[in-house]
Structure formats: C-alpha cells, structure tokens
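**Student:** Just so you know, the protein sequences line up as chains A and B, in that order.
Quick note, in my numbering, the first sequence goes up one by one and the last residue is 261.
Quick note, in my numbering, the second sequence goes up one by one and the last residue is 261.
Treat the hints loosely; a few may be bogus.
The list treats identical chains as interchangeable, and a pair is accepted whether it falls inside one copy or across any two copies.
Claimed, not checked - Below, in silico cross-link-like pairs of lysine to any residue (SDA-like), each with a Cα-Cα straight-line distance of 20 Å or less:
hint, residue 1, residue 2
1, K226, S166
2, K226, W64
3, K89, W64
4, K89, D63
It should be emphasised that the hints constitute simulated quantities derived from the structure, not laboratory data.
Number of protein chains: 2
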Amino acid sequence: MWQPCTVLIFLATLIVVNCQNSAFDITNQIHLLRPKSGSGGDLIPGISCSSWRLGVEAHNIIDWKLIPTECEDYVGHYMLGKQYREDSKVVASEAFAYANGLNLTNDGNNIWIFDIDETTLSNLPYYADHGFGAELFNATSFNEWVDRGEAPALPESLELYNKLLSLGIKAVFLTGREEDQREVTVKNLKQAGYNNWEKLILKDSSFSGKTAVFYKSSHRRNLEKKGYKIIGNIGDQWSDLLGTPTGNRTFKLPDPMYYIG
Amino acid sequence: MWQPCTVLIFLATLIVVNCQNSAFDITNQIHLLRPKSGSGGDLIPGISCSSWRLGVEAHNIIDWKLIPTECEDYVGHYMLGKQYREDSKVVASEAFAYANGLNLTNDGNNIWIFDIDETTLSNLPYYADHGFGAELFNATSFNEWVDRGEAPALPESLELYNKLLSLGIKAVFLTGREEDQREVTVKNLKQAGYNNWEKLILKDSSFSGKTAVFYKSSHRRNLEKKGYKIIGNIGDQWSDLLGTPTGNRTFKLPDPMYYIG
C-alpha cells in the first residue's frame, strides 16, 4: 500500500511537471526533488531559502560561489515550477510597458541590450542535471552543453524581444560567451526563435581577466559612441546592469542558480 | 457550528499574531487579513503578488503610487508575518559579515549611512492601519504619527547598528524627514535604542522639490569631502542607494508598501 508521503511526492511531481510550458520543455524533468516542508521548501530550519533568494535578487548577497546546500531542493522547485516563470513574466511585462510608453521616434538608433544565458536562452536543462547551482561550476561540461546549441528560449524574454522589435527597437546581444562560441550561439539563437539582431557581441581575448561589469559597460559605452541609444538593458546578473553607462533603464531577471561578478 | 473556513481564518490569525516578536509589538494587530489562497495570498488570479514584490525589491517595478489592490492582504501578511523579518535579517547579517570582514583601521572616519523610515525605525503600526500601501499616502496623518515619536526600531537594523558600532564604525542617519521633525526624530531614535550617532541629517528647504536620489547623494558626496569613508549604506528604498557616491557597498531592506523616487 502507498504511504501518504509517497502520494504527496507523486502529487508534487505531477504539479511540477504540469507547470512546464510546452514551448519550454526541460529535458530530464524527473529529479530527486522532494519538498522539505509543506509549502515547497521555505521552512528549512536555520535558513530561509526564500530570504536568501530575495537577498540575491536585490543585490544584497554578492560574490557567492554556490547556492546554500540546504536550498538545492528549494531552488530546483522554484526554477522548475511556476514561480520562476511568473517572476520572469512580471519583469518582461514591466520592460515592455516602459518601452511602449516612450513613444519613440524611429530613427534606427534605438537598441535594447539582451544578455544571453538565463536571459535570452535558458540553460535550465543543464542546471537541472547539475544541482541547480549546488554543484561547483564545471566549465568543460557546461561548454559541452553550450556547444550542442540546444538551449531553449526563456519564453518571457522571447515574447519581450518580439514586442520590442515591433516598436522598431533593435536587439543587441551582449554575452559573456567567448568568440569561439559565436557559430553555435548564432545557430542556437535562431533555433530558439531569435532571428534578427543589430549586433551579437561575444567576449574577445582583449577582455580576458576583466570583470563582467568592465567588459559589458565598455561595450555599452562604445555603442553609445557609435550613436546608438540604449533604451533598455536586461539580464539575469547584476553585472549585466551595473557600470556606466547602464542604459536608460535596466531589468533584472531572476537567477538564483549562479553569480557572475 | 463552525464552518471549516472560519476555522482556517482563525488558525491563520493565530499564526500571524504568534509570529510577532515581542520586541517589535505592532499596535492594532487585529486586521481584516484573510488569505486569498491556502498559502498566504500567492495565488491570486491575474497577478502574482509574490512576483510583484520581487519586481519591486529588484528595482524592476519603479515609480508606483500604490500597491496592487489585489495584493493588500498579501502585503499585510508579509509585513506582519515572519517573512519580512527573515528577509530583513538576511540583509542585516550580510551587511555585518561584509563590514566585519574588512578588518578596518579605526581612524574615526569610517561611517555607515542609515536611512530612517522602514530602515532604522518602523512605521508598520501606522501602515497596518492604512492598508499597507493600498491607501494613497496622506502626509497629514502620517506626520501626526511621526510626531508621536513612537515608531519602534526594526529589530534587525538595531542589531546591525549595535554590531557596526562595536567595530568602530560611526552611524550617520540620512533621512527624507524634514528639519522641523528633528526634535521628535532624536527622541524617537533614542527611545528605540539608538543612542549614538555622528550626524543626523534631515532635509532642509534647499532640497525642496529635488529628488531623494539627488538629496541623499549630495549629502554623501559632502560627507566624503569632509574625509569620511562611507563603508556601507542601508535603506529600504532604491533612492537611498542610487546616485554617486553610493558608498562602498549598499544594502536594500525590503519594503513592499511604498515607493520613493
């Protein structure tokens, strides 16, 4: 006979699986996710994973290497469940409402900066297999995943991208991925539904050893020098959004899985 | 006989009341708070109040006048329940860990900027009687509350203040309150447990009509010109933390009740 707990776990699994959007299929959906409390892992003794996540998103907790061990299941539930998508949707909606309210003159110089990983494309299928940020980052295995070129779009970002393009704003992708991943990145962007961009800026060797803030703000400065107006800037890391010039307005997508300084 | 729903509401009320910390008594604890879903108001159709709150804390949702009507109960539960305090605790702990790790030389010039309302002192007793941000701000009635000088300390901030002082860091209070509230503010700070400060800066008439970002960053610049080193800066509003100079590191306390630009 089934134990009550088994039934609960089965129901929780059903809920998690049903919360997936078919346009955003995460491979390997079956994980060892088990709620540590009735409401999805919030009430773990000693630490509030919900408070930790808020601390990360509001840029209070910085320079971290791994998510707290106690929060692996919490972060997994968050990322695979509906809240991550709801949170992303609010950010994307707010970004579009802002851009739409500007009544821009279309002189062809209006651009929007999109980060790529966990912004334009989602590596959730990879991180779901690697502890949602609880395992130390392994560049070799992560690059193998990137080189497959199969990362799905984050659906809320794809919708924002399409709506911004309809306002005459051009997309500029500015990513920490390196130049040797240009080809697979182009292929992946197109496969995920991103077909038009003004520029795709990857990191070249002149920025080796520099911080993400320095690399990204240098390129934003160059874009402004060339006459572009950075209407908005969206990324999942604060290092996408800090450093002068930031762009007219910035939008922080959720990412409780890793930190890039 | 009791209806199941009545029992649930009674239990929810018990939980809310029991989550209060005795050092942080909020007057008028009985509110018309009723969960709109089983887990405290998260699942309101059409809007995720949890996503809205995250959007506010991560500076994605700005320039808002009122909380969404649907989120009044959600925000009320959040503010009176344990999550607000847990979230504040994580911010304060992170701030102290940062300061403590600096191994500062005590030359008497190290300062920490504290905002006052919803940072050093809590106006939650007032907002609990005024819809937790769902009612339009009424300066007259709010100033009557301030003039009583009875705002309690936010306990997590008081603890941070005491620990920073023990590191030889001096407190500078920088508030949007105006000069005519100096006396009552001094009285209230002392009554709440804040007994030492290097400066208490209130807004004088020369800043009338200026933004909070301009007012606060101007004073931070002046402090640096005088030789102070701003080790850290904590506030509940992004306008406490934006604008050059920000201070060496900034900390954003939660506040889903109001927005100051």
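**Student:** For each hint, tell me whether it holds in the structure or not.
**Tutor:** Taking the hints in turn, this is what the structure says about them:
no.: 1; hint: K226 x S166; verdict: neither (23 Å within a copy, 51 Å between copies)
no.: 2; hint: K226 x W64; verdict: neither (36 Å within a copy, 34 Å between copies)
no.: 3; hint: K89 x W64; verdict: between (26 Å within a copy, 18 Å between copies)
no.: 4; hint: K89 x D63; verdict: between (26 Å within a copy, 19 Å between copies)
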